[in-house]
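Trainee: Spelled out from the first residue to the last, the chains are:
Protein chains: 2
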Amino acid sequence: MSDPAEVKAFLNRGRMLADGIPWPDLERAESAASDPETDWFDFWMARADRYAALGERTLGESHRTSAGELLWLASLTAHYAQYMWFHDRERREFGQRRKVDLFDRAASHLRPPGERIEIPFEGATIPGYLRLPAGGDGPVPCCVLIGGLEGTKEESHRFEDLCLERGLASFSFDGPGQGEMFFEVKLRPDFERYSSAVLDELESRPEIDSGRIGVLGRSLGGHYAPKSAACDDRFAACCAWGACFDLSDLDSMPARTRAGFLYATGIEDTAAARHPLLDSLDLAPVAERATCPILVVHGRHDVIFSLEQVDKFRRSMVNAELEVQVERDGDHRCHNMGHVVRPRMADWLADRLGGRP
Amino acid sequence: MSDPAEVKAFLNRGRMLADGIPWPDLERAESAASDPETDWFDFWMARADRYAALGERTLGESHRTSAGELLWLASLTAHYAQYMWFHDRERREFGQRRKVDLFDRAASHLRPPGERIEIPFEGATIPGYLRLPAGGDGPVPCCVLIGGLEGTKEESHRFEDLCLERGLASFSFDGPGQGEMFFEVKLRPDFERYSSAVLDELESRPEIDSGRIGVLGRSLGGHYAPKSAACDDRFAACCAWGACFDLSDLDSMPARTRAGFLYATGIEDTAAARHPLLDSLDLAPVAERATCPILVVHGRHDVIFSLEQVDKFRRSMVNAELEVQVERDGDHRCHNMGHVVRPRMADWLADRLGGRP
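Top line first, the protein sequences correspond to chains A and B. All letters in the first sequence, in the order written, are residues 1 to 357 by my numbering. All letters in the second sequence, in the order written, are residues 1001 to 1357 by my numbering.
No lab work stands behind these hints: they were computed from the structure. Ideal Cβ positions, reconstructed from N, Cα and C, are used throughout, including at glycine. One thing to keep in mind: the hints can contain errors.
Which bits of chain A does chain B cover? Going by a derived footprint, with three or more residues having C-beta under 8 Å, they are [what the hints assert, rightly or not]:
| hint | region |
| --- | --- |
| 1 | 4-17 |
| 2 | 58-66 |
| 3 | 140-147 |
Pair ranges (Cβ atoms, derived) [unchecked claim]:
| hint | chain 1 | residue 1 | chain 2 | residue 2 | range |
| --- | --- | --- | --- | --- | --- |
| 4 | B | P1113 | A | E321 | 29 to 37 Å |
| 5 | A | V324 | B | L1011 | 30 to 38 Å |
| 6 | B | R1314 | A | R89 | 49 to 57 Å |
| 7 | A | S62 | B | A1134 | 40 to 48 Å |
| 8 | A | L307 | B | E1207 | 51 to 59 Å |
| 9 | B | H1087 | A | H87 | 47 to 55 Å |
| 10 | B | H1087 | A | L11 | 33 to 41 Å |
| 11 | A | P285 | B | R1158 | 43 to 51 Å |
| 12 | B | R1057 | A | A259 | 35 to 43 Å |
A short list of chain A residues far from chain B (calculated; beta carbon distances all over 10 Å) [said to hold, decoys possible]:
| hint | residue |
| --- | --- |
| 13 | R89 |
| 14 | E184 |
| 15 | S210 |
| 16 | G266 |
| 17 | N336 |
Please work from the sequences and hints to get the whole structure.
Mentor: Below you can see the structure in the form of C-alpha cells.
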C-alpha cells in the first residue's frame, strides 16, 4: 500500500468509525500504508480473520453477546477490505462473500438477533435481515434500510441498533447491484420494484405492523429510498440520508466513485453504462407521486452529491411533506457528524412510524 | 493551546474514543491545537455546552433516548476538559462540577436509567449511580465500578453498558480524592472502607442479590478494587483493569500523572504527600486476605504502571483464584484495544457473578 493518496481515498475515518470499525485498526491501517508488501485489502482481511477467530473462540466460551459483536466486526472489517476494490474483481468478490458468511455467522448472536430472510423475486433472491425490538408487544413498526453504491446490508448494523432502541424493527437488504445480490442482479433502473417485493414480504409477517413501514436509504440509497416511497404509497415515511435526485454530478465525482458505478452496472464501457442506464437514475418522472413525509439530510461539504441535488428535491417533491436538513459542517452523508445526525434521523423515523418515545 | 507536546499528553485517543468521545471532536481538538487563543479546557467545555444545548433541545422534542445520550456526552466532554487540568484548580473544579450536573441531568434519560444514590459515611457523602439491567426478574447481580486517579463515575458509562447487556446491574461511585467526592474527602489510604460502605448500601437494596456483588477498578482503581476485595470478603469477584499493586513506579511516571497524585491528596509538598500517604498505597499488607476470583488485565506497554506490578500480584495474591492477562500490544489499561479487552472483562465478571449467558 505504497501510494499515500490511495490510502487517503480509502481511509474514510468518519464513515468507518461511525459504522463500527475500531479506531485502533484505523491507526494500524495508516501505519501499514508505508509497507509496500501489505495492501489495503490484505490488511483488512487479516483483521477480519483475526476477529473471526476471536469471535469463534468467544462463542466456544458461551459469551454470546461478545461473540456476536466480534463476528459482526469481522464481517464489517471484510466489508471495508473490499468496499472500493473495484479494480480487482476476483478479490473484491472474495471479500464480499467472506463478509456475507461472517455476518450470517454473527446474526443469531446479535442482540436482538438478526433473522435472515430470502425473498424470491423474478428468478433471483433478495437477501435481508430482520431484527425485532426487545419487549415489543404485538405488531411493531419497521424501518427498511437501503445501502448505497458500495454500501450493503451488513454496514447498516449500527443504524439498525438506533432503530431498535427506539422501538422500530429493522430490515436491511441488498438490492440490484449491491452486496451479495450483485452476483445475481446488477444495478438496474427499477430498484423500487425490489423495495416493493420487500414490502410484500414484511406485510406477510405478523410481527410487523404493515401500516407503519418506513424506508431509509444512505448515499445512493438516498435515491433508491425516495424512489421506492414515490412508487409505492405503502411506505409511511422516507429518509434520504444524503440527497441523490439524479446522477448529474457523475462527471465531477471522485474517480473511484465513478469506477464504482461502472462496477455495479457490470458494463465496462462508460458511455454504454451511462446511457440509458445511469442516466435513468432520476427522480424527476416520479417525484410528484411521493406523498408521505420525507426527510432529506445532506452535508454542505459533500464532494459526491452537490447541493443542487437538494434543490431538486425541494423543487420536485411538491406533494410530499418534505423536510430538508442541510448540515453546514457536514461532509458526504454527514459521516463526520454521525453521532449527532444518525440518532436524529432515527428519531424522525420513530416519530413518523410510532416507535417508543 | 500552542504547545504540541501538551496536546499530545492530553489527547489520549484510545481512552477517549473507547469511553465515548466522538472522533470528529478529537480531530477538531487536534486542529484547535494550533490556535494559541483556544486552550484544551476551553475547547472541550465549549463542546460540552454545545452538546448540553442540543440535549436540552432534543429533550424538548421528547426524544429521550437521544437526549440522554447527548447530555451524557456533554458530561463526558466536560470530564475530559478538566481531567488533567491539575495546574489550574479553579477551572478544574468548575469543570468537575459542570460534569456532575450534566450527568445528573442525563441520568434519568439513559437506557436503562441511572438512579443517583448518596451514601452518608463519616460526615461525608459517597455519590454513585445505580443502573439495573432491563427485564431482570428478582434480585440481580451487580458490579461496583471504581475509577482511577482522575477517572470518575461518569467515565464508566460505556463499561456500565457492557455490564447491563450481560445481566449485571452497575454501581459507579466516586471515592476519596475522586470526582465530586474530592471536594469533601481527599485521597486516603483506606479507600476500601468506602467500598464497604457502598456494599452495605447495595445489600439493603431488594433489587440486588447481595451474594453476587463484584468490583472492578480501572487504572488507580486497579489498586482500590483488589484492596476492597481483600478487605471485605462480601465481594464475590474482582477485576483489576490494570495492575497497581503499589506506587513504587511513581518516580518514573509521566509528570502530569505525578501532578495528579499531588492534586488528589490535596497536599502541595511532594515529600509530605508521599510519606506516609502515597507510600501506604500498597497491597502487600492485605494481599493474602483476598480469596475471591481476581482478574488482572494489564498492557505490556503501560507507561504508568510497570510489569513489576503484575508480578507482585502473582507473588502475593496467594489465596485468591488469580487470573492474569498481559496483553502484548496493550498500552495503559489497554485503551488501545478497548473493543476487545473491555467486553472480555465484562464477560469474566458476568461468569463469576452469574449474569446472562
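Trainee: All the hints need checking, so say for each whether the structure fits it.
Mentor: Here is how each hint holds up against the structure:
With 3 residues bearing a CB less than 8 Å from a CB of chain B, the region 4-17 of chain A meets the requirement of three and the coverage assertion stands. Under a criterion of three residues with beta carbons nearer than 8 Å to beta carbons of chain B, the stated coverage of the region 58-66 of chain A is upheld, 7 such residues being counted. Only residues whose beta carbon comes within less than 8 Å of a beta carbon in chain B count, and the region 140-147 of chain A has 0; fewer than three means the coverage is violated. Our hint of 29 to 37 Å for P1113 of chain B and E321 of chain A holds, since their Cβ atoms are close to 34 Å apart.
In this structure the supplied range 30 to 38 Å holds for V324 of chain A paired with L1011 of chain B, their Cβ-Cβ distance being about 36 Å. Between R1314 of chain B and R89 of chain A, the C-beta spacing of about 53 Å keeps the proposed range 49 to 57 Å intact. Under the hint 40 to 48 Å, the C-beta atoms of S62 of chain A and A1134 of chain B, about 21 Å apart, miss the expected range. One distance hint, 51 to 59 Å for the beta-carbon pair L307 of chain A and E1207 of chain B, holds here, with the actual separation near 53 Å.
The hinted range of 47 to 55 Å is satisfied by H1087 of chain B and H87 of chain A, whose Cβ atoms lie roughly 53 Å apart. Checked against the hint of 33 to 41 Å, the C-beta distance between H1087 of chain B and L11 of chain A comes to roughly 36 Å, which is consistent with it. A beta carbon spacing of about 48 Å between P285 of chain A and R1158 of chain B agrees with the range 43 to 51 Å that was offered as a hint. In this structure, R1057 of chain B and A259 of chain A meet the distance hint of 35 to 43 Å, their C-beta atoms being roughly 41 Å apart.
The beta carbon of R89 of chain A sits about 32 Å from the closest Cβ of chain B, which is more than 10 Å, so the claim that it is off the interface holds. Listed as a non-interface residue, E184 of chain A keeps its Cβ farther than 10 Å from every Cβ of chain B; the least gap is roughly 34 Å. Chain B leaves S210 of chain A outside its interface by the beta-carbon criterion, the shortest separation being 25 Å against a cut-off of 10 Å. Annotated as non-interface, G266 of chain A keeps its C-beta farther than 10 Å from every C-beta of chain B; the closest such distance is 35 Å.
Its closest Cβ contact with chain B, about 5 Å, brings N336 of chain A to no more than 10 Å, contrary to its assignment away from the interface.
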